[in-house]
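Trainee: Single-letter residue listing:
Number of protein chains: 2
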Amino acid sequence: MSDFLTNHGVVVALVCAALAVAYGLLTTRQLLSLSPGNETMQRISGAVQEGAQAYLNRQYTTIGIAGIVLAIALIFIQDGYVAIGFVIGGVLSGATGYIGMNVSVRANCRVAEAARGGVSPGLDVAFRGGAITGMLVVGLALLGVAGYYGLLTTVFDRSQKEAVDALIGLSFGGSLISVFARLGGGIFTKAADVGADLVGKVEAGIPEDDPRNPATIADNVGDNVGDCAGMAADLFETYAVTAVAVMLLGVLTFTGAGSTAAALYPLVLGAVAIVASIIGTFFVKTKTDNVEAALYKGLIASGIIAAILFYPVTKWLMDGVQYKGGIDTPGVGKLYLCSLIGIAVTALLFVITDYYTSTRFGPVKKTAAASQTGHATNIISGLAQGFQATALPALVLCLGILGAWKLAGGGTVGIYGIGVAVMGQLSLTGLIVALDAFGPITDNAGGIAEMSELPEEVRNITDKLDAVGNTTKAVTKGYAIGSAVLAAVVLFAGFRFELADNKVSASTLNFDVGNPAVLIGLLLGGLMVCLFAALSMEAVGRAGGQVVEEVRRQFREKPGIMEGTDQPDYARCVDLVTKAAQREMILPALLPIAMTFIVGIIDIQALGGLLIGVIVVGFFFAVLMTAGGGAWDNAKKLIEDGAFGGKGSEAHAASVTGDTVGDPFKDTSGPAINPMIKVANIVAILIIPIIT
Amino acid sequence: MSDFLTNHGVVVALVCAALAVAYGLLTTRQLLSLSPGNETMQRISGAVQEGAQAYLNRQYTTIGIAGIVLAIALIFIQDGYVAIGFVIGGVLSGATGYIGMNVSVRANCRVAEAARGGVSPGLDVAFRGGAITGMLVVGLALLGVAGYYGLLTTVFDRSQKEAVDALIGLSFGGSLISVFARLGGGIFTKAADVGADLVGKVEAGIPEDDPRNPATIADNVGDNVGDCAGMAADLFETYAVTAVAVMLLGVLTFTGAGSTAAALYPLVLGAVAIVASIIGTFFVKTKTDNVEAALYKGLIASGIIAAILFYPVTKWLMDGVQYKGGIDTPGVGKLYLCSLIGIAVTALLFVITDYYTSTRFGPVKKTAAASQTGHATNIISGLAQGFQATALPALVLCLGILGAWKLAGGGTVGIYGIGVAVMGQLSLTGLIVALDAFGPITDNAGGIAEMSELPEEVRNITDKLDAVGNTTKAVTKGYAIGSAVLAAVVLFAGFRFELADNKVSASTLNFDVGNPAVLIGLLLGGLMVCLFAALSMEAVGRAGGQVVEEVRRQFREKPGIMEGTDQPDYARCVDLVTKAAQREMILPALLPIAMTFIVGIIDIQALGGLLIGVIVVGFFFAVLMTAGGGAWDNAKKLIEDGAFGGKGSEAHAASVTGDTVGDPFKDTSGPAINPMIKVANIVAILIIPIIT
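Protein sequences, first through last, are from chains A and Z. For the record, in the first sequence the residue sitting at position 532 is 748 according to the numbering used here, with numbers rising by one throughout. For the record, in the second sequence the residue sitting at position 655 is 871 according to the numbering used here, with numbers rising by one throughout.
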């Protein structure tokens with residue numbers, strides 16, 4: 217039965233992964249056949265394409281150098297299979313970001329053009345643009361994981377355990393790209409944004425996306441490299457890392473045929489979820505103007521379909537399997553419930569984040585109202601909302617962990633249930649990325665509509681789409697951090713099992729918080745999060761400052777720019793931010809790798825503490841930053857829509873301050889914590905041969 | 217030998233504690249004999265006295281009600297001795313705050329008057345005013361702990377263990393007062409401050425402390441109830457809690473005579489440290505204008521004297537004692553080194569916090585420079601500095617924990633070494649509180665000089681003293697959170713020992729972070745910190761909003777106020793803030809008690825996780841808030857002293873925003889996290905009889 221399962225499970229996964237990639241390619245062709253609009257629109261979109269391309273080329277070169285060094289190190293620390301896995305993971309993650317972003321920067325002008333026909337066609341093009349990235353993320357991730365696993369177990373004849381170990385390398389490859397992409401993209405997008413706003417809006421008094429602003433193209437490039445390529449790499453990583461961690465946990469928790477089944481289970485869950493996601497994309501349609509409802513309809517549909525498909529998969533693979541030591545699993549029904557818990561956690565995180573960041577509810581309204589008494593009260597209110605926004609998600613995660621663990625039998629084996637829940641959660645990744653990539657496309661479309669002076673009714677439509685994009689971006693961040701925490705918890709369990717497998721003594725394996733070494737580790741983990749946040753925020757500040765100076769210089773040296781008689785030098789701004797982002801991302805990106813390595817070499821107990829410290833402290837800071845940032849962003853939007861005095865009022869000025877503070881919070885430091893949490897946990901697994 | 221030690225150890229402690237109280241009383245008499253200045257000054261000072269008195273009366277009434285309920289609960293959960301201890305702790309902590317504050321509000325006008333004679337006499341009066349509170353804190357805390365312990369072991373014939381258990385009640389009494397005082401005082405001071413500034417400085421355009429501002433007396437009252445009474449209660453609690461926790465640890469770690477010696481050791485260390493502190497106060501003198509150097513000279517002197525005196529104490533009590541199971545201790549030399557580690561940790565925390573919050577160094581200068589590009593960059597920079605400021609203190613604590621633990625033998629017994637280090641750290645409490653209470657006295661003196669229109673040269677002197685007070689306030693907060701973390705670590709060890717003593721199974725006692733229940737606890741601990749911060753920040757916002765409305769109302773209804781022909785109604789503002797602070801402090805203050813209780817009843821493993829989660833997450837948020845707040849405060853000061861455009865510039869406006877955001881950070885939420893960390897850990901120990 218083992219061979220039968222191996223072959224068929226992997227084949228199912230590969231077929232579904234191929235489906236996702238095929239969906240991506242077909243949709244890309246459809247999309248590119250649409251009209252890219254008039255000459256001005258094409259010119260602007262071309263400039264954005266060029267800038268984004270240049271940025272990614274340079275970013276991947278930098279990462280490539282770090283990657284080669286790490287690949288060689290992996291050959292020595294682990295073996296060639298792990299190193300090859302690492303390269304595969306890196307290349308696939310890079311490809312996802314690369315292709316996705318190339319589609320996004322071509323979709324932008326097409327959305328602006330389609331918006332001439334109304335909300336519905338605009339939404340259609342923008343969503344399809346995002347869905348391409350979404351499907352590529354899950355398709356390529358599953359293709360990599362299932363394909364390499366299949367190759368290793370059949371062609372290269374490795375054992376399941378050896379194959380999964382090599383897959384850890386693959387997930388590390390994805391993680392490396394992810395932490396660099398999140399940081400580099402995050403620094404780029406916010407440095408350009410802050411720089412463009414400070415000189416353009418504040419000093420020169422010209423509106424956002426005004427073509428006279430030399431930093432405006434860089435700003436639009438930033439949306440794509442940050443929200444599109446960065447988020448894609450982040451969720452590619454979460455997806456691959458989680459699948460591999462659950463496979464590892466399965467191989468180490470089950471015996472005999474059960475171990476094969478448990479290794480394949482996450483792959484097949486992922487596979488049917490892809491089918492559900494593809495079907496879900498067809499639900500995104502609106503005849504009215506309710507864009508949000510249309511998007512969420514797709515998400516809900518794919519969640520329900522996935523929930524239904526999970527049952528036969530669980531029945532097929534997990535019926536009658538046994539935990540190590542001949543302990544019976546709690547049965548198909550309870551494991552299936554674990555996968556449903558994952559979907560429920562996602563739904564709840566979605567709703568809670570929406571509550572804290574949407575203009576419809578109390579928190580954002582309070583922050584907007586606090587803007588009336590000035591900059592300071594706006595900031596205090598946003599921070600207070602951000603603090604408060606951590607509570608319910610923490611509670612949801614606690615309940616999810618508790619439920620899945622207890623359902624799967626509690627104790628050590630029950631942690632596998634948490635793994636199943638995370639896979640359930642990840643079943644929605646395809647559509648979540650689609651919703652997220654929708655953001656920069658509509659943002660760009662709005663910019664192009666503005667810069668090429670399309671009629672006002674078209675701009676109203678792109679503005680509407682853009683506003684929805686802001687909310688979906690905020691909401692998907694709540695999902696990203698939630699899934700990162702659960703994935704990291706599963707990784708930590710894998711770390712312990714691997715240590716046990718390496719014959720580490722039981723007392724070393726006991727990470728008791730009362731042990732000062734573990735406590736020191738917890739503090740060091742928290743330190744890593746704070747230092748990471750400090751470094752990335754300062755990086756935005758420094759890079760943004762350079763943009764400010766460059767824009768001021770251009771205005772000073774070419775006074776014709778402001779009168780419209782002279783062209784600003786967009787490329788120079790793009791180039792400047794590109795270089796700055798590359799320079800600034802290195803130190804924070806290497807921090808989690810280096811610190812985990814050093815602490816691990818000194819003491820395994822402290823390393824265990826560090827891994828959990830990063831998860832716990834990281835979670836609270838990430839939610840504080842992303843939810844706070846989202847609240848400030850939409851408080852500004854609420855005021856711009858006329859509340860509390862509207863545009864130009866004192867309250868508006870205060871809300872702009874909050875939004876600017878929120879920018880590096882929600883788009884640089886906060887989301888970059890997700891991959892950092894996982895990088896630390898993966899590095900810990902990979903260095904086990906050295907530290908034991 | 218046991219009796220000899222008991223009697224003599226306790227007597228030494230009582231004599232030294234009495235010395236501190238005598239110092240306080242004598243100095244108070246001296247201080248009150250000084251001239252309180254002219255009639256205007258006395259009138260203003262009288263108004264502040266009246267407001268502060270009214271506030272404390274009401275606060276203690278509220279706390280009294282909560283206290284009676286808890287005391288009755290303790291009789292049932294624990295026993296009468298614990299309940300009586302609880303009452304003693306509460307009353308002594310309350311008395312400290314009460315007396316200290318009454319001295320402060322009488323010292324303020326005397327400092328303003330003395331400043332007519334120059335910096336040196338001004339410093340002298342202000343420091344002596346602060347030193348009274350400082351000596352009362354350590355004197356009354358030691359008197360309570362040693363006295364009750366002596367009574368219980370001799371008159372009531374309780375065993376050491378029973379006596380120490382009753383002392384846990386005493387420390388809980390101190391903790392309860394502390395969390396209420398920190399929160400109530402913090403909300404009061406910042407609501408009044410923010411309210412006074414927003415209408416006064418921003419809307420009406422009148423300077424700070426202008427007598428026409430109806431909220432100005434409330435603002436001055438706030439300085440006293442927040443920084444003086446709040447900080448005094450906080451450090452009274454840290455002192456009592458730590459001493460008791462180390463006694464508990466000693467009794468549970470050692471056997472026979474060693475257990476008596478270990479119980480007395482922290483008391484005698486505290487006793488000789490009092491002698492060192494009293495001597496230290498005489499070193500605070502300056503002939504030049506360098507106020508900071510004079511203050512730090514006193515601190516350094518008392519640290520050195522304490523370090524010298526610790527050796528004979530350690531030799532006397534800890535020579536030849538044995539850990540339980542007949543394990544030899546590492547000897548007098550190494551235990552002595554543990555106490556020195558405590559002093560070193562304090563010194564390093566002092567220097568690091570000074571670096572991040574003083575106008576002399578990079579971080580504050582960067583934040584000031586960032587103000588030039590606007591409100592948002594000022595905020596981003598302050599937050600980035602706050603994040604960064606957590607790293608070195610975390611490292612220092614890690615090294616301190618590691619060193620003390622290893623020196624004392626590592627493993628389970630070695631945790632006693634951490635306790636010794638914390639006692640070493642607390643040896644400086646007397647002078648630290650003196651430095652801190654110096655802040656509100658000089659702040660008030662400045663206010664009185666301004667309001668009673670003293671000559672400019674006098675105001676320059678009080679401004680100078682006030683600026684130093686700002687720095688000492690920031691620096692002592694770094695010390696408070698550092699000692700809170702170490703004290704909580706010792707408490708947690710006590711919690712585990714108590715559980716073991718209550719025959720809890722070894723597997724329950726193992727708080728492994730890989731156990732999902734412990735992980736859930738860690739997340740809930742973090743949740744508690746964030747929710748606490750959110751609630752307290754929102755409380756300031758709400759109460760501040762009420763002040764704004766009241767001040768606006770007075771200006772509107774009595775137009776004569778602005779022209780100086782009509783008197784503002786100060787008392788009404790004080791009354792309003794008093795009521796608001798009382799109302800707002802209840803929910804956050806009860807949070808750590810209720811949540812610890814509920815989680816404890818549900819699951820002991822989760823409770824263990826929660827206790828550590830509160831410590832770890834609490835530490836980072838507390839440092840972020842207090843250091844960030846300090847940096848903003850002094851960035852404003854730097855600009856007001858003429859940097860980057862000086863007063864009235866755009867940069868100045870931006871720096872005022874940062875300062876206002878920093879206010880609830882550094883004076884309400886951040887410092888209130890200290891007692892919260894310890895309350896959770898003490899409640900956990902007290903509810904052990906229920907949860908096992």
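Watch out, some of these pointers could steer you wrong.
Unchecked claim - Below, a list of computed lysine to any residue pairs in the SDA-like style, where the Cα atoms sit at most 25 Å apart: (1) Z:719 / A:377; (2) Z:582 / A:765; (3) A:863 / Z:723; (4) Z:582 / A:377; (5) Z:540 / A:726; (6) Z:417 / Z:722; (7) A:582 / Z:723; (8) A:622 / Z:724; (9) Z:795 / Z:813; (10) A:622 / Z:722; (11) Z:622 / A:814; (12) A:377 / A:765; (13) A:622 / Z:813; (14) Z:774 / Z:231; (15) A:540 / Z:719.
Keep in mind the hints are simulated off the structure, nothing from the lab.
Trainee: When the hints from earlier in the document are held up against this structure, which numbers fail?
Mentor: Per hint list: 1, 3, 4, 6, 7, 9, 12, 14 and 15 violated.
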